[in-house]
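Assemble the whole structure, with the sequences as input and the hints as a guide.
Those sequence lines, one after another, are chains A and B.
Using the numbering used here, you'd call the opening residue of the first sequence number 9 and step up by one each time.
Using the numbering used here, you'd call the opening residue of the second sequence number 730 and step up by one each time.
Keep in mind that the hints are not guaranteed to be accurate.
[To be verified] With a Cα cut of at most 30 Å, we get these calculated DSS-like pairs of lysine-lysine: (1) B:K756 / A:K146; (2) A:K37 / B:K821; (3) B:K960 / A:K37; (4) A:K199 / B:K785.
[To be verified] Output of the computed footprint for chain B on chain A, the stretches with three or more beta carbons under 8 Å from beta carbons of chain B: (5) 52-63; (6) 138-148; (7) 186-192; (8) 223-231.
By construction, these hints were calculated from the structure, which means they are not laboratory data.
Built from N, CA and C at the ideal position, the CB exists for glycine as well.
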Amino acid sequence: MIMEKLKVLHVDIGGCEGCNVSIIRAYPKLMDLIELDISYLRKEEYKLDEYDVAIITGGACMNEPRILEELKEIREKAHTVVAFGSCATFSGILRFCRGGQEPRPDHRNFQPINSVIKVDYSIPGCPPTPQMLQSFFKFYINGDERRLRLFKVSADIKKLSGFDLIDDIVLTGLCIGCGACELSCPTNAIKLIDKRPNLVQEKCIRCGTCYIRCPRASQILSMGGAK
Amino acid sequence: MMSVTDNLLGNVFGIYLVRATDEEILKRKVASGGAVTALLVYALEKGLIDGVVTAKRTEGLEGQAVVARTREELLETAGNKWSIVPFASRMKAKIEEEDLKNVAVVCLPCQAQFFGQMRDFPLLESDFGERVKYIVSLFCIGTFAFEAFLNYLRMKHGIMAQDIKDIVLKGDFLEIYHGDSVLSLPIKEVYSYLQAGCLVCTDYTGTWSDISAGFVESERGWTVLITRNLKAEELVKSAEKDGYIELRDGSHVMGEVLKAAREKLARAQKNMMYLL
Chain A
9 MIMEKLKVLH
19 VDIGGCEGCN
29 VSIIRAYPKL
39 MDLIELDISY
49 LRKEEYKLDE
59 YDVAIITGGA
69 CMNEPRILEE
79 LKEIREKAHT
89 VVAFGSCATF
99 SGILRFCRGG
109 QEPRPDHRNF
119 QPINSVIKVD
129 YSIPGCPPTP
139 QMLQSFFKFY
149 INGDERRLRL
159 FKVSADIKKL
169 SGFDLIDDIV
179 LTGLCIGCGA
189 CELSCPTNAI
199 KLIDKRPNLV
209 QEKCIRCGTC
219 YIRCPRASQI
229 LSMGGAK
Chain B
730 MMSVTDNLLG
740 NVFGIYLVRA
750 TDEEILKRKV
760 ASGGAVTALL
770 VYALEKGLID
780 GVVTAKRTEG
790 LEGQAVVART
800 REELLETAGN
810 KWSIVPFASR
820 MKAKIEEEDL
830 KNVAVVCLPC
840 QAQFFGQMRD
850 FPLLESDFGE
860 RVKYIVSLFC
870 IGTFAFEAFL
880 NYLRMKHGIM
890 AQDIKDIVLK
900 GDFLEIYHGD
910 SVLSLPIKEV
920 YSYLQAGCLV
930 CTDYTGTWSD
940 ISAGFVESER
950 GWTVLITRNL
960 KAEELVKSAE
970 KDGYIELRDG
980 SHVMGEVLKA
990 AREKLARAQK
1000 NMMYLL
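What follows is the structure in structure tokens.
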């Protein structure tokens, strides 16, 4: 059976290019499944009027009306919107923007894209690996909702970080000391001390990976516990 | 093949009652039928895996992560643990130090969830999911906040940590083997000494694993194995063919496993109401 390829749009609205590179790296193994319209391979305009999936990377600068309009336009064109990477999902390191900083002093306040439009799946990570995107499409195409549930639930969350992990799991006494968070932190901001994670605040880039990887936190999230 | 999908038990490919054929495995203080040990010995000897990462009880209720590469090393680790070690973080170091390419991990549902999610969703470049071949999860009612539990045993029953030989779940009682005697505690009484995180956990069997293992009261001496995918099914079937395990259908104990799973879910929901 020949399945029609999914029509996928990628739009980057401002970030470090890490997520974009991850998507490009994932593409060779996805070519049989998706047709990717990515900014590197097009001139200005989107190739199509409608897409099955739009992958959005980067956070939304709230002082840039052009970006906010573009997000709304993508939402109308795409059946499913995926926020890819921590900036798009939880605003990540962009949370630290406060205006007047180089290289873009005009940027003052970033929000995750679900502050602007409805998002269907949020995949955090700084950046998420190419394999992650390949996995996502595998489960998405198979309609495996159980596997994708965590990312579906994450789509309604605007902020997730090591701080939330400490607040929600450690200070509430729910931590069982498995060490998943320590292994999942890309900046080594988390160290297990006395079998409990300790957060070096200055190192946390608010990517949310530790929270998503914590078995307790992800189980509660997946069960529909509000964040 | 049953292919039942139940949120409570996760994906169920097949359910079996299994017993090791190896006398020495059965003689050890294994939790039930020794099936997990036997399966892993099989996988090691056939070269399907190059190591098993699991926990070994050291002293009292403390445990540490260890790598077993041979039957003998594996036998050393058999039995219940009742505590948790910072497993995930040690695991990576162990795998890298020993340069393991295909490992089986024996763990609890929460750890299985971590490994399962890492394998399915590699968020980080430093993930090692592709090296984890089999995730074996043990049925779990929770792990002890062991400082509190040991203190309780000492204060109320005069049992010292170093004298505890084994802890076995029997029906609604927890049997503490210490010195030459056995203390039987109603399970409800020890719930307070479980970690709070375990009291809100909803996963009894380890739905993210490849194989879940545990036991039911009505079939003591046998291990209940739940296979969750084709890979797990093939391991179990070929281990039987090569005489490492004895195997029979376990459909009739499904109800018992479900009951325990429901109890854990109900407990979690109750506790969530006042803990969250």
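Right, here's what the structure says about each hint:
1. B:K756 / A:K146: Given that 30 Å is the threshold and the Cα spacing comes to 45 Å, the pair is violated.
2. A:K37 / B:K821: Distance of about 27 Å is within 30 Å: holds.
3. B:K960 / A:K37: holds (23 Å)
4. A:K199 / B:K785: holds (23 Å)
5. 52-63: The restraint on the region 52-63 of chain A is violated, since only 0 of its residues have a Cβ under 8 Å from chain B and three are required.
6. 138-148: holds (count 5)
7. 186-192: holds (count 6)
8. 223-231: holds (count 6)
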